[in-house]
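2 protein chains.
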Amino acid sequence: MNAEIIAVGSELLTPFRQDTNSLWLTGELNKLGIRVIHKAIVGDAPDEMRSSFSHALSRADVIFSCGGLGPTDDDRTRETVAELLGRKLRMDDEILRGIQERFRRFARTMPDINARQAMVPEGATVLANPRGTAPGLWLESKGKIVVMLPGVPVELKGIFEAEVRARLSRIAPAERLYTRELRVTGLPESEVETRVRPLYPLYPDTETTILAALTGIQLHPRIWSADAAHATRVLDEIASRMGLALGEYLYSTRGETLEDVVARILTENRATVAVAESCTGGMLAERLTNVAGSSAYFLGGVVCYSNELKTSLVGVPAELIESKGAVSSEVALALADGVRRRTGATIGVGITGIAGPGGGTPEKPVGLVHIGIADERGPRERAFRFTGDRDRIRIFASQTALDSIRRHFLFPATPRP
Amino acid sequence: MNAEIIAVGSELLTPFRQDTNSLWLTGELNKLGIRVIHKAIVGDAPDEMRSSFSHALSRADVIFSCGGLGPTDDDRTRETVAELLGRKLRMDDEILRGIQERFRRFARTMPDINARQAMVPEGATVLANPRGTAPGLWLESKGKIVVMLPGVPVELKGIFEAEVRARLSRIAPAERLYTRELRVTGLPESEVETRVRPLYPLYPDTETTILAALTGIQLHPRIWSADAAHATRVLDEIASRMGLALGEYLYSTRGETLEDVVARILTENRATVAVAESCTGGMLAERLTNVAGSSAYFLGGVVCYSNELKTSLVGVPAELIESKGAVSSEVALALADGVRRRTGATIGVGITGIAGPGGGTPEKPVGLVHIGIADERGPRERAFRFTGDRDRIRIFASQTALDSIRRHFLFPATPRP
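Sequence order for the protein chains is R and U. The end of the first sequence is residue 1803 by the working numbering, with every number in the run present. The end of the second sequence is residue 1803 by the working numbering, with every number in the run present.
In short, the hints are calculated from the structure, not lab data. Any given hint could turn out to be false.
Identical chains blur together in the list; that is why a pair holds if it fits in one copy or across any two.
Straight line, CA to CA, 25 Å or less: simulated DMTMM-like cross-link-like pairs of lysine to aspartate or glutamate [to be verified]:
| no. | residue 1 | residue 2 |
| --- | --- | --- |
| 1 | Lys1417 | Glu1397 |
| 2 | Lys1543 | Asp1775 |
| 3 | Lys1543 | Glu1397 |
| 4 | Lys1543 | Glu1575 |
| 5 | Lys1543 | Asp1777 |
| 6 | Lys1530 | Asp1433 |
| 7 | Lys1528 | Asp1433 |
| 8 | Lys1543 | Asp1761 |
| 9 | Lys1530 | Glu1469 |
| 10 | Lys1530 | Asp1622 |
Could you build all of it, start to finish, from the sequences and the hints given here?
Structure representation (structure tokens):
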């Protein structure tokens, strides 16, 4: 069973706005065993809309439209579909009353134009939209299904979940899509690919997408199957073999963020953490605290951009900064140890580096970052050389620092961080 | 002159990956006076590709494809276009030598399959791609132009800039798109719309898109015109009238980020800033330092999540926290004043609040945030009640704190922050 998704709206043809509904919808359809074979984005010109819908009807089994159900003359999804399928539009009194009621609830009178939203093609099923005025519509014709949904994401999702999923589920094929999400940090994409590629021929029915982001690499092995137990077994096996191939670089087999993993590890170890950051400017603290409940393990942090603050707030000796430079192993060690002592945390993390674009020298180039991590046995340190622009360097540095915390607990015997 | 953009690649039909090339391409085409009337996303199935390209050829003047120029059997853009336009594919020796040379440079031998990337439809112009192996292709037939570009963004942009823009410019219509980008913070989208809507009928030739993001609202007035001076005059006028309608909430008429605006204001005033954050967890420091050269005005910050650190690092009296609570006007004032004194900054900013999801009470609900700002005359404070989830509350709080710094310098007479 194949689907096409048509996003309707002139604003989606500007440089400013992206269609995001179709990603969510694709995920939901795939879970039901329906493959998306084409996506289209059209404005509100009647000819373009007609041509897109007619094209979709010629090749997909189910056509989803998102948008174009509003009250103005530009909202022509209903008219276009009705015309193409040879159905008349009629006013649905119940929908009309619902829209009027909705306006009354907000103490307003319904403008006349909103009556358009109560027009329904003959034979269509109305899909209630408790979050907005325009209901969704489900229309079957000559073996095809057209599902018209509003473009507002919360309305689209609400209608899909309450009205569409169960209807599709009854007619969808037995074969469904099953997936896993593995996450890796500290390896380049090409190295991840080299490590997992030998597994592909062993699992010819699974397909794996590798996505590289600044905060790590995601692997999505997936399999279409009519047998849930079989799919789960195959995915468990491939995930476990990928885990062996990726080793300590794998931080989640369940699609968690690194922040979530670190939060779990700190909580399980009843440990607390404090950070002293220079070039990351607060990004490490921000990431450690974007997890709900982080006050259980995060005590606080110091963003010591100036050398004076490295000394006054964290106790890094001014002579050390003078002799070794603010960006040095020694200062990273002193930051990690100092912030740990001043806050009483189990673990202290120190970061100092050159995010650029200025400030680099031949000995200490842009991208050089020292990360220190201290516990009751003292501090350790490691230097990294990240490439890219300021933003990228700061993200890599905070990512690597988070990973140092994970490694500190999981691999205490290996060289740290 | 109308264009259609076709993004090619099965991964773009998964829930995981979004086509982003088309947004950039749309912006560039609009500047040249070319409107995008349709966008399509197709996988690599030959039938689907043929149907999408043939559909596009039936209605657009210029068809851009992104992707499907790789070396494998799945990369069928060349074949599809050649077949539809009735052109033979021939091997281009110069391209082949270039690809071989590229592999040699990376000390590798060219795999045989890469020779496919040297296949060129008869009559096509080859568009050099110094950043990758697959060149772009430009093909004219029966009044239509087909431009085939690789899907890798950096390669696509490079080829467009070096080879495509000038070619299109010679044939594009005289009418071009001119735009402005205004940015607003501190007003809800509906209020922004209410304020600027009365201007729309006065400028019937311009169209304005309003985009709401967590970090503020963007207004994009735009006009298609063959007369650059006229367009500039109209946009200057509408931007200036929008500015009057939006007042102190407007922070940029040039599309700058609030961070950039604050950086400029601090630099112009030769002022320095230091921050003491609780609920934002480092996000304010992170945003102040994501601007290159921020060490000129940002001294440092303290993320004092625990009450002990509010006292030990910033000098907030423990009795004050005990009597008023960590989330209170008094503690926000003490944080702002304390961090200013301890760092010697011109301006100190203090933030304390409840980001949730836990920790709220009827008197101090989730979303309550106090923001203090201190200068040599002492600290002032204001309380806000933000709605939404943890992430949203933290972003709104850091956004409002940044805006307090802007307002501190621009509107010293009005109530602060």
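Results for each hint:
Within a single copy, Lys1417 and Glu1397 get their C-alpha atoms only as close as 29 Å, which misses the 25 Å cut-off; across copies the closest is 16 Å, which meets it. Taking identical chains as interchangeable, the C-alpha atoms of Lys1543 and Asp1775 lie at most 25 Å apart only when they sit on different chains, with a minimum of 18 Å there against 37 Å within one chain. Taking CA atoms no more than 25 Å apart as the test, Lys1543 paired with Glu1397 passes in both settings, with 20 Å inside one copy and 23 Å between copies. In this assembly of identical chains, Lys1543 and Glu1575 lie within 25 Å of each other by CA distance solely across copies; the values are 22 Å between and 33 Å within a copy.
In this assembly of identical chains, Lys1543 and Asp1777 lie within 25 Å of each other by CA distance solely across copies; the values are 21 Å between and 33 Å within a copy. In the homo-oligomer, the alpha carbons of Lys1530 and Asp1433 lie at most 25 Å apart both inside one protomer (21 Å) and across protomers (19 Å), since each shortest distance falls under that limit. Taking the closest pair of Cα atoms, Lys1528 and Asp1433 come within 25 Å of each other both inside a single copy (23 Å) and across two copies (22 Å). For a Cα distance limit of 25 Å, the shortest separation of Lys1543 from Asp1761 qualifies neither inside one copy, at 47 Å, nor across copies, at 48 Å.
Only within a single protomer do Lys1530 and Glu1469 lie at most 25 Å apart by alpha-carbon distance; the minimum there is 15 Å, versus 30 Å between protomers. Within a single copy, Lys1530 and Asp1622 get their C-alpha atoms no closer than 36 Å, and across copies no closer than 51 Å, so neither meets the 25 Å cut-off.
In this structure, the hints that do not hold are numbers 8 and 10, in rising order.
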